[in-house]
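The primary structure of each chain is shown beneath.
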Amino acid sequence: MKVLVCISNVPDTTTKVRFIDDNRKLDTTGIQWVINPWDELSLTRALELKDVASNGIEKVTVAHVGSVAAEPVIRKALAIGADDAIRVNAEASDAYFVASQLAEVIKQNPYDIIMCGIESSDHNGSTVGGMLAELLGIPSVSAVSSLSIENGTFVLTREIDGGKENVQVPAPFVAVVQKGIAKEPRIAAMRGIMMARTKPIAVVEPAAIEAYTEVMGYEMPKPRAACKFVDAENAGQLIALLQNEAKVL
Amino acid sequence: MSVLVFVENWDGKFKKATFEMVSYASIVAEMSNSNVVALSIGNVENAELEKLGKFGATKVVSVTNDKLNFLDNQAYTSVIAQVAEKENAEVVILSNNNTGKALAPRLSVRLKAGIGSGVNHLPLSITPFVVQKRAYSGNAFANLLIKTPVKILTLAQNSFEIKENGSSTLIENFNADLGEGVVKTVVKDVQKQTGKILLTDADVVVSGGRGMKSPDNWAPLVEFAELLGAATACSRPVSDEGWRPHEEHTGQTGKIIAPNLYFAIGISGATQHLAGVSSSKYIVAVNTDKDAPIFSAAQYGIVGDASKVLPKLVEAVKEMKAK
Ligand SMILES: Cc1cc2nc3c(=O)[nH]c(=O)nc-3n(C[C@H](O)[C@H](O)[C@H](O)COP(=O)(O)OP(=O)(O)OC[C@H]3O[C@@H](n4cnc5c(N)ncnc54)[C@H](O)[C@@H]3O)c2cc1C
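Sequences listed follow chains A and B, in order.
Residue numbering for the first sequence follows the working numbering, starting at 1 and increasing by one per position.
Residue numbering for the second sequence follows the working numbering, starting at 1 and increasing by one per position.
It is worth saying that the hints were derived from the structure and are not from the lab.
There's no promise every hint is true.
Here are the simulated BS3-like cross-link-like pairs (lysine-lysine), alpha carbons at most 27 Å apart as the crow flies [what the hints assert, rightly or not]:
#1 222/A x 290/B
#2 184/B x 50/A
#3 196/B x 247/A
#4 281/B x 247/A
#5 192/B x 164/A
#6 13/B x 163/B
#7 163/B x 247/A
#8 184/B x 164/A
#9 228/A x 308/B
#10 247/A x 308/B
#11 2/A x 188/B
#12 247/A x 318/B
#13 16/B x 164/A
#14 281/B x 222/A
#15 15/B x 164/A
#16 228/A x 213/B
#17 228/A x 323/B
#18 16/A x 290/B
On the chain A side, residues computed to face chain B include the following (Cβ under 10 Å) [what the hints assert, rightly or not]:
#19 17
#20 134
#21 183
Pairwise CB distance ranges, derived in the manner of DEER restraints [stated by the list, open to error]:
#22 85/B x 190/A: 48 to 58 Å
#23 221/A x 307/B: 28 to 38 Å
#24 155/A x 192/B: 11 to 21 Å
#25 227/B x 245/A: 13 to 23 Å
#26 28/A x 47/B: 49 to 59 Å
#27 121/B x 247/A: 20 to 30 Å
#28 192/B x 247/A: 30 to 40 Å
#29 180/B x 247/A: 50 to 60 Å
#30 204/A x 163/B: 42 to 52 Å
Computed from a predicted structure; not experimentally measured.
Backbone N, C-alpha and C fix where the C-beta goes; we use that ideal spot for every residue, glycine too.
Using the sequences plus the hints, can you model the full thing?
Listed below in structure tokens is the structure:
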């Protein structure tokens, strides 16, 4: 059985973003790139599943659509423990473009479990996983907070509004994962970092796909009014302000 | 032409978020000179379906089928796509909740329609179709051009006011074509959270961080929330430590919420925390450290110890309610 983990590289989550080119492009100066937090967790879960021999997972591959600039992040995924990687050599113009490129890769070389994060912390789209499943015509389970293999059956927990459901789906399927899928992201050990240097990254040229959407520009959130302080001794006054001034109570 | 809005029900009932979506759809329809058609999947009584008319749905398409008792992304996508095609939908609107996030991308491929996800404003323009959406986890907004003839939007909860502007609505039962073997998701069991206000639905949220010091100190926070009819939330370390349930974790890697009022008690205001709450209309912070970053995001603040401030807030709310 083979597992594919789709990874996105995103600015470190503490980055104060700035834009250039008439607010059309992210200013990447000084940005630290990291594996999207959910993708790091899904890779961790994939490796945990592979560690249990009876699960029968031979290989965990990571896939990324992006330029050569993302290779450090891909190497990091290999250092954490992925066996190999595929990079589709193209600027990720929108979610549909990315999902279509990934679908092409998977059609060439099928996987049993495909994992995507619930969103990327840059575009916040929550779209690639579901699109990929539809393009492949296979089931998807979204908001997955646990994934295990029990006697060859895939058991997933998904979050619904106001609860949780335990579900089963046949492979191949796409699991769109969220919090809970793994406790802490696995960290690369020295040995892993050494080994990652020789692990293969296959570079694939993109298929001709037209994006559905285009970012016209970015805007910064409006600065909020300065904070109005209420004295701790008279904390109760806050309630009156919320009621009469802000009118939210 | 129409604007199709997919409305979910909870045990046969709609929620405030449903009416927000229909209200939103009716303004989008006005902007694009079309009508709102609502699609309901599951057993909902006509009296409940008719409520959608008040918010602007001129027609409600109701699909009931035992195969659709549980969410199967492929089956639901197929039904929504059939109705979208039948109604000649130009815009399809879903909620940006877990169901909407599961279905919208599949529908996007099926209808060859670009998605604007998590939108919280009306479209900036209809031709060309441009929407504003969250980007960089709340640190920016992107103005997104959707280039396809059909557009899909997922609407962030609590981002649009309910407006009653319609009247009666036509209810139509539709027999969706669902072949054998379409449904592949087998639901083994369901654990529902009952009797509590859902964090994502709440108008007011009271949230505690590590500054609460211990899980044993939560009683006044919970009491305060109950008095306000608010939902409770927490920062990530609090749920990681097991002080509070994971469902309460808000922020970049937890729930993203946009209540009218968010109380951050003993929360430092890390970027990743703010990513989940920065769309709140008002943020109130209680923190011992006057330089805590949360005060830069807040409109009201108290520099003080949570254990001393919370009882005072509880008292004040009780007084307010007694009036
Ligand atoms: C990839 C990534 C994703 C993350 N995602 C999230 C996320 O989704 N949500 C999230 O919350 N965090 C997230 N974090 C963690 C985040 O960076 C912060 O560590 C976290 O938000 C801090 O939680 P806190 O404010 O409760 O605790 P602290 O940062 O420890 O702050 C506690 C605050 O309480 C104040 N305080 C202390 N004593 C008192 C008292 N007696 N009364 C009142 N105030 C007091 C202190 O002054 C301090 O400001 C993420 C981090 C990473 C790297």
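Exercise for the section: Starting from the range 20 to 30 Å, see whether the pair residue 121/B and residue 247/A falls in it by beta-carbon distance. Expected result: holds, 22 Å
Problem - Supplied distance hint 48 to 58 Å, evaluated on CB atoms of residue 85/B and residue 190/A - result: holds, 56 Å
Handout entry: 27 Å limit on alpha-carbon distance, applied to hinted pair residue 16/A and residue 290/B
Key = Holds, at about 22 Å.
Handout entry: Pair hint outcome, residue 16/B versus residue 164/A [Cα-Cα no greater than 27 Å]
Key = This hinted pair holds, its Cα atoms lying about 21 Å apart.
Problem - Given hint residue 323/B paired with residue 228/A - CA-CA distance at most 27 Å - result: Roughly 25 Å between the alpha carbons, so the hint for residue 228/A and residue 323/B holds.
Problem - Straight-line alpha-carbon gap residue 222/A to residue 290/B, limit 27 Å - result: holds, 23 Å
Handout entry: Holds or violated: residue 13/B to residue 163/B, with C-alpha atoms at most 27 Å apart
Key = Cα-Cα ~19 Å, so holds.
Exercise for the section: Please work out if residue 196/B and residue 247/A have their alpha carbons no farther apart than 27 Å. Expected result: Answer holds: residue 196/B to residue 247/A is near 24 Å, not above 27 Å.
Handout entry: Outcome for the supplied range 13 to 23 Å, where the beta carbon pair is residue 227/B and residue 245/A
Key = This hint holds: roughly 20 Å between Cβ atoms.
Exercise for the section: With a cut-off of 27 Å on the C-alpha distance, tell me whether residue 184/B and residue 50/A pass. Expected result: Measuring from Cα to Cα gives roughly 25 Å; hence the hint holds.
Handout entry: Satisfaction of hint between residue 318/B and residue 247/A, Cα-Cα up to 27 Å
Key = holds, 17 Å
Practice task
Kindly confirm whether 50 to 60 Å is satisfied by the beta carbon distance between residue 180/B and residue 247/A.
Solution key: About 56 Å separates the Cβ atoms of residue 180/B and residue 247/A, which means 50 to 60 Å holds.
Hint compliance for this structure: every hint is met.
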